[in-house]
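Peer 1: Below, each chain spelled out in residue letters.
Protein chains: 2
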Amino acid sequence: MRVIPLGTSSGRPTVARHVSGLAVDLGRSWILIDCGEGTQQQIMRSPLKPSRLAAILITHLHGDHVLGLPGLLGTLGMEGRTAPLQIVGVDGIGRWLDVMCDLPILGIDFPMTLTELVDDSLDGVAGEPLHVADVDGFAVYALALRHRVPAFGYRIVEPDRPGHIDIDAARRAGVTNGPDLGRLQRGESVIGSLGEVRPAQVIGPQRRGLAVTVLGDTARCDASVSLAFDADLLVHECTYANADQDLAERWKHSTPADATWVANQAGVGHLVLNHFSTRYDDPSLLLNEARTAFVNTTLANELAPIDVPAADPT
Amino acid sequence: MRVIPLGTSSGRPTVARHVSGLAVDLGRSWILIDCGEGTQQQIMRSPLKPSRLAAILITHLHGDHVLGLPGLLGTLGMEGRTAPLQIVGVDGIGRWLDVMCDLPILGIDFPMTLTELVDDSLDGVAGEPLHVADVDGFAVYALALRHRVPAFGYRIVEPDRPGHIDIDAARRAGVTNGPDLGRLQRGESVIGSLGEVRPAQVIGPQRRGLAVTVLGDTARCDASVSLAFDADLLVHECTYANADQDLAERWKHSTPADATWVANQAGVGHLVLNHFSTRYDDPSLLLNEARTAFVNTTLANELAPIDVPAADPT
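Quick note, the sequences are listed as chains A and B, same order.
Quick note: the first sequence uses the numbering used here, first residue 375, plus one each step.
Quick note: the second sequence uses the numbering used here, first residue 375, plus one each step.
Just so you know, not all the hints are guaranteed correct.
[What the hints assert, rightly or not] Ranges between beta-carbon positions, derived for each pair:
(1) B/Leu488 to A/Ala678: 34 to 44 Å
(2) B/Leu488 to A/Arg376: 37 to 47 Å
(3) B/Leu659 to A/Asp620: 53 to 63 Å
Note that these hints are calculated values from the structure, not bench results.
The structure presented is a predicted model; accordingly, all values stated were derived computationally and were not measured.
From the three backbone atoms N, C-alpha and C, an ideal C-beta is built for every residue, glycine too.
For reference, chain A alone in the conformation it holds in the complex (with noise of 0.2 Å):
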């Protein structure tokens, strides 16, 4: 897995950075969260095929985070496309996907299925996120925010992968070649050349599968923490400096000691910043704030992949 920001500034462009947009990359097919205005275009720079996008998974219906999403849809037609594709966002876009398709603005004919998220609270207390599509054999779960509108954040898993096959043990049993190991690994047994071997003799453990957690706007809340618990990666909104703490309490955003304290309580492994607003020409001081807190926090950067590390080979 690894993940390419799209788009980072928060409500509106500036000449150089794009609004809210970034894929996840699932290896054979790919997945995009949030698609403000501009984001085709982003995507169009990227090594991204618009062909391999499986699904489409919208945080809130702020315009910096879906005024993209007709032109990418209308665009994906306008290519030919003809395979389906999810998309999972808030209670309200349908309708408006909707008037523009009645509207001439919007012409789609491939298939589409919307799943629509709805959130009355508004508070982002802890819970159990839910299980909103699968993507790939990625498992994608939601929790609701803390914005000052509905807004969810989405945690996509790897499906767990099999134990380490201990060659050693293998070999003791009386299996060398390679495709016997291959069928251990499988989860076969086979026939060795001192009798049966199962599995469980040879094979570790059930890895993890890797779990990726992005986040769209919110304050710090307790929502996040249970959508990030353990990830490899989350992506957390960073709006505001420490010091503008009370914009982002005003605006239901997140500073370097919000982003910070999820990724503390929820014990990710890496942490990266985006959603920066357009008053700090040089978001690295939301870095360097974020750093003194949690070591292991980067930017996004346009364009920049960012690998999601191995899980721990145990």
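Given chain A's structure and the hints, the job is docking chain B onto it.
Peer 2: Chain B in isolation, oriented as in the chain A frame:
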């Protein structure tokens, strides 16, 4: 007056080109014609001041001409705009804006006036352009063109200007001082050294104001000629090359032969082509074809201003 193309690509953007948007700079204020995705960022890259944007004219409701509108409106609001904004568009645009204001997608708190134009014929017959707006003393006219959906072109007309003053005739009539010459030019009579002098004695005929006609998507039609008649500048779409006339007819777009036919029929001063299909890496092919039929043709070049020639000083 001058025209600044902001987007010249048909249907979808490329890495290098943007979808439709074009500014007509009136001096103190400016008019935006069409607002495809990415237009607000192109405005940031241009010398245009968003605070001086007085009106937005939308030619038709295809996504590549309108999907940048909500983002631009949202950004104007975030920048603290309080001045009113005129929008002239096509029937249905209000319903689309309404659903976004009803959802949290779009928050606008500056005054807007919206005029929706209706056309059910799609046949682009000749006719008298409709006076649809006044912007900073300039009159805006519209006429329905010939496209797959209701589509309008616009004509922006500078007010007529006073005639030139004949300094020698004024001197012979006994008027020599500057303030009196100014009063005569503003249409007032003055008392010269030889008695009363009326403006008609020394001022030439009123000079016609400049006229700029900008068409959105259209096939060749007589309405384009009506709207462009005697204009100083005509911006005509040129989606396809002459060899692709079948595509132009199928999708109701134009070729160099179509655009130059309109320019010649209307007797315009200068023809600018835009809205190039992404199938042509280099639209200079279109320019070369057009110049064989209308010499004073240029290609719209994103962010490169085009001065509108001064009216004939007669």
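Peer 1: Hint by hint, say whether it matches the structure.
Peer 2: We went through each hint and held it up to the structure:
no., hint, verdict
1, B/Leu488 to A/Ala678: 34 to 44 Å, "holds (42 Å)"
2, B/Leu488 to A/Arg376: 37 to 47 Å, "holds (45 Å)"
3, B/Leu659 to A/Asp620: 53 to 63 Å, "holds (57 Å)"
Comparing the model with each numbered hint stated earlier shows that all of them hold.
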